[in-house]
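Visitor: These are the residues of each chain, in order.
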Amino acid sequence: GDSVTQMEGPVTLSEEACLTINCTYTATGYPSLFWYVQYPGEGLQLLLKATKADDKGSNKGFEATYRKETTSFHLEKGSVQVSDSAVYFCALSDPGNQFYFGTGTSLTVIP
Amino acid sequence: EADIYQTPRYLVIGTGKKITLECSQTMGHDKMYWYQQDPGMELHLIHYSYGVNSTEKGDLSSESTVSRIRTEHFPLTLESARPSHTSQYLCASHERGGNTIYFGEGSWLTVV
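Chains as they are written, first to last, in the working numbering: chain H, 92 to 202; chain W, -18 to 93.
Rather than coming from a laboratory, the hints here were simulated on the basis of the structure.
Take the hints with a grain of salt, since some may be wrong.
[Claimed, not checked] From chain H, some residues computed to sit far from chain W (all C-beta separations above 10 Å):
no.	residue
1	S94
2	T119
3	Q129
[What the hints assert, rightly or not] To be clear about the criterion: a stretch of chain W counts as covered by chain H if any three or more of its residues have a C-beta under 8 Å from a C-beta of chain H, and this derived list gives those stretches:
no.	segment
4	36 to 50
5	81 to 90
Source: prediction; values computed, not measured.
Glycine included, C-beta positions come from ideal geometry on N, C-alpha and C.
Kindly produce the complete structure, drawing on both the sequences and the hints.
Guide: Pasting the structure below:
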């Protein structure tokens, strides 16, 4: 079945450091791919998405590129801020609109 | 921004009490979901619905029940709460044919 595997956390970075959170997927069809962010005490918010191969999703300085050849959707940011501290979830939806979430990666950014 | 609302946000109740967590969305979405999540951990699907009068159990066995009498409303009920039910419960929805799922802010339940 379809699944998402993302980098284990927790990740701790200094402010202004570069961030990469790895995400790979397994899917039989052509899924849409997502990154969600969860700030402490809140629900999940959509951060960015990509619906087809080679699409790049971007938002708030974060970006991720849908790579069909490597079945990956890694999340990147060039310079993280303390306010980026959160848990990040990679997800996919298959053509039947079933959703699959990764296990989440906790990010802490220290000043 | 998604218009999906959960109440209560935080609740502390005693063992054996009955509790209903409310979830409403104003987007007219057909599909709705309940996930259980320990803080910062993975999501576990416990119930979902594809429309009015449709409810299904999810991947994680749960002692809770749900109902879907109206499109916009998907309450979750625990008949007899136990400390093992202490967790965050997240409600979500998406429209038929849509590929983006939207979440409420969550309900934190503590059973003492």
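Visitor: Would you mind marking each hint as holding or not holding in the structure?
Guide: Consistency of the hints with the structure:
no.	hint	in the structure
1	S94	12 Å, holds
2	T119	16 Å, holds
3	Q129	7 Å, violated
4	36 to 50	violated (count 0)
5	81 to 90	holds (count 8)
In summary, the structure is inconsistent with hints 3 and 4 from the numbered list given earlier, while agreeing with the others.
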